[in-house]
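Mind docking chain B on chain A? Use the hints.
2 protein chains.
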Amino acid sequence: MAIKGELTRQKIIADAAQIFQRKGFGATSINDLLSATGVTKGNLYFHFPGKEAIGIAVLQQESERFMQFLDEALTGSTPAACLDNFFTMVLRKHQKIGFVGGCLFGNTALEASDTFPVYAQMVSDVFDQWSDKLQCKVTAAQVLGLVRGDLPAKHLAQMIVATIEGGIMQSRLKKSAEPMTRCLDTLRTVLALKLPTAH
Amino acid sequence: MAIKGELTRQKIIADAAQIFQRKGFGATSINDLLSATGVTKGNLYFHFPGKEAIGIAVLQQESERFMQFLDEALTGSTPAACLDNFFTMVLRKHQKIGFVGGCLFGNTALEASDTFPVYAQMVSDVFDQWSDKLQCKVTAAQVLGLVRGDLPAKHLAQMIVATIEGGIMQSRLKKSAEPMTRCLDTLRTVLALKLPTAH
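Read top to bottom, the protein sequences are chains A and B. Counting along the first sequence from 1, when you hit position 144 you're at 144 in this note's numbering, and nothing is skipped either side. Counting along the second sequence from 1, when you hit position 172 you're at 172 in this note's numbering, and nothing is skipped either side.
Take the hints with a grain of salt, since some may be wrong.
[Stated by the list, open to error] Covered stretches of chain B (chain A as the covering partner; in silico rule of three or more C-beta atoms under 8 Å from a C-beta of chain A):
#1 34 to 45
#2 73 to 85
#3 170 to 182
[To be verified] Below, a list of computed lysine-lysine pairs in the DSS-like style, where the Cα atoms sit at most 25 Å apart:
#4 A:K133 with A:K175
#5 A:K11 with A:K51
#6 B:K154 with A:K194
#7 A:K175 with B:K154
#8 B:K51 with B:K23
#9 B:K133 with B:K194
#10 B:K11 with A:K133
#11 B:K51 with B:K96
#12 B:K174 with A:K174
#13 A:K154 with B:K51
#14 A:K154 with B:K174
#15 B:K93 with B:K11
#16 B:K41 with B:K93
#17 A:K93 with A:K4
#18 B:K133 with B:K154
#19 B:K51 with B:K41
#20 A:K51 with A:K41
#21 B:K194 with B:K93
#22 B:K96 with A:K174
#23 B:K23 with A:K23
#24 A:K51 with B:K93
#25 B:K133 with A:K175
#26 B:K175 with B:K133
#27 A:K23 with B:K4
#28 B:K23 with B:K133
#29 A:K154 with B:K194
#30 A:K51 with A:K4
#31 A:K174 with B:K23
#32 A:K23 with B:K174
#33 B:K4 with A:K51
#34 A:K93 with A:K23
#35 B:K11 with B:K51
#36 A:K133 with B:K175
#37 B:K133 with B:K96
#38 A:K174 with B:K51
Hints in this document: simulated from the structure, not taken from any laboratory. Cβ coordinates follow ideal geometry from the N, Cα and C atoms, glycine included.
In isolation and in its complexed conformation, chain A is listed as follows (with noise of 0.2 Å):
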């Protein structure tokens, strides 16, 4: 029984999380919830007090999941390697899905800013800990002459990530790769990335 109401849970989280990602928070309704999940009504409470708080499991479990994909997509055999992997990584997902639905984080973000504290400040956290792990690698990659040295490895990451949650918008917005890989190329160029040669 507690196994079937933690599967009931889960796959609340897992149905919101495609229905939120979608149609944002502010314009999902319970019913929404309802008809997407298929529990009944008294099961929905049962698990969750409301929708702002089926909205925090969401951004929880997608932001374990996103630090988990940093940690997989940041490798390779320089630190340059690991960059440029991260971005081919980043477009693919993106690819995967049609580019519908986008960033959950970055719609959260602007859905949410003025509007709900709380998810906000998860995003906001989401962001600052994609940075952190970015500026280790173009710190590293400074170091060994693999990324231009002009500028503080925390202000190239900063710049990483408004470019790519910007690259994301148009290319969903056109259900194109077109400007997502266009922006990634560019990135890797300004960065001055210098990539280990092909065998």
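Using the frame of chain A, we list chain B on its own:
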């Protein structure tokens, strides 16, 4: 009477623009619009068939205003100075509103891309026009050696748009000028923007 009607229509658009920017289209109800505008339901439906039509009118008006802003901001003694002045003006624009509301087009892009094709097309056109205006200045600056010449002007213009949208997102989330200022300064450096020396 015709003038009074036009004034009411303008008031509905102006008040709706504010509430859409803060709450998003999806989360704004007709009741929200009625209390924001103070007009009666009958009067609102006399001017607009529904929320979607109000959204279109808001996007049209804001697009025209934004193009006017771009033409005013992209001015200076050299093409590089035009880009620099635009960076300063776009920061000031968002600073003046305390990083509340953000960019209506960015918000609409994230909200409408998968659900409201009419809005998505309008916003996509705004981004294309914005990018085209930047591209003209970048090209002119490249000819004069005032911006790096190793990347196509179109790619640099697209990166500027993406980075600014991402920077607005971060500043709005943190209610701080720091992320956007940082992104714009980093853009100045990675573009290798050469400005006229002050006298």
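Legend entry - Hint consistency between B:K174 and A:K174 [alpha-carbon to alpha-carbon, up to 25 Å]: violated, 28 Å
Inset, instruction - Decide if the proposed pair is consistent with the structure: B:K133 and B:K154, CA atoms, cutoff 25 Å inclusive. - result: The hint holds at about 10 Å.
Inset, instruction - Assess, step by step, whether the Cα of A:K174 is no farther than 25 Å from the Cα of B:K51, and give holds or violated. - result: Status holds; Cα separation ~24 Å.
Legend entry - Given pair status - B:K96, B:K51, alpha carbons within 25 Å: violated, 28 Å
Legend entry - Three-residue Cβ test at 8 Å for the coverage of the segment 170 to 182 of chain B by chain A: With 7 residues close enough to chain A, the hint holds.
Legend entry - B:K51 paired with B:K23 [C-alpha distance capped at 25 Å]: Satisfied, since the Cα-Cα distance of roughly 14 Å is no more than 25 Å.
Legend entry - Pair hint outcome, A:K51 versus B:K93 [Cα-Cα no greater than 25 Å]: violated, 34 Å
Inset, instruction - For the pair we were handed, B:K194 and B:K93, check the Cα-Cα distance against 25 Å. - result: holds, 24 Å
Inset, instruction - Take a quick look at whether B:K23 and A:K23 sit within 25 Å of each other, Cα to Cα. - result: Between B:K23 and A:K23 the Cα gap is close to 13 Å, so the pair holds against 25 Å.
Inset, instruction - Compare the distance between the alpha carbons of B:K41 and B:K93 with 25 Å, and conclude whether the hinted pair is satisfied. - result: violated, 34 Å
Legend entry - Straight-line alpha-carbon gap A:K93 to A:K23, limit 25 Å: Within the cut-off at roughly 20 Å; holds.
Inset, instruction - Could you grab the alpha-carbon distance between B:K133 and B:K194 and see if it respects the 25 Å cut-off? - result: holds, 19 Å
When the structure is compared with the earlier hints, violations turn up for hints 1, 2, 4, 10, 11, 12, 13, 16, 17, 22, 24, 26, 27, 28, 33 and for no others.
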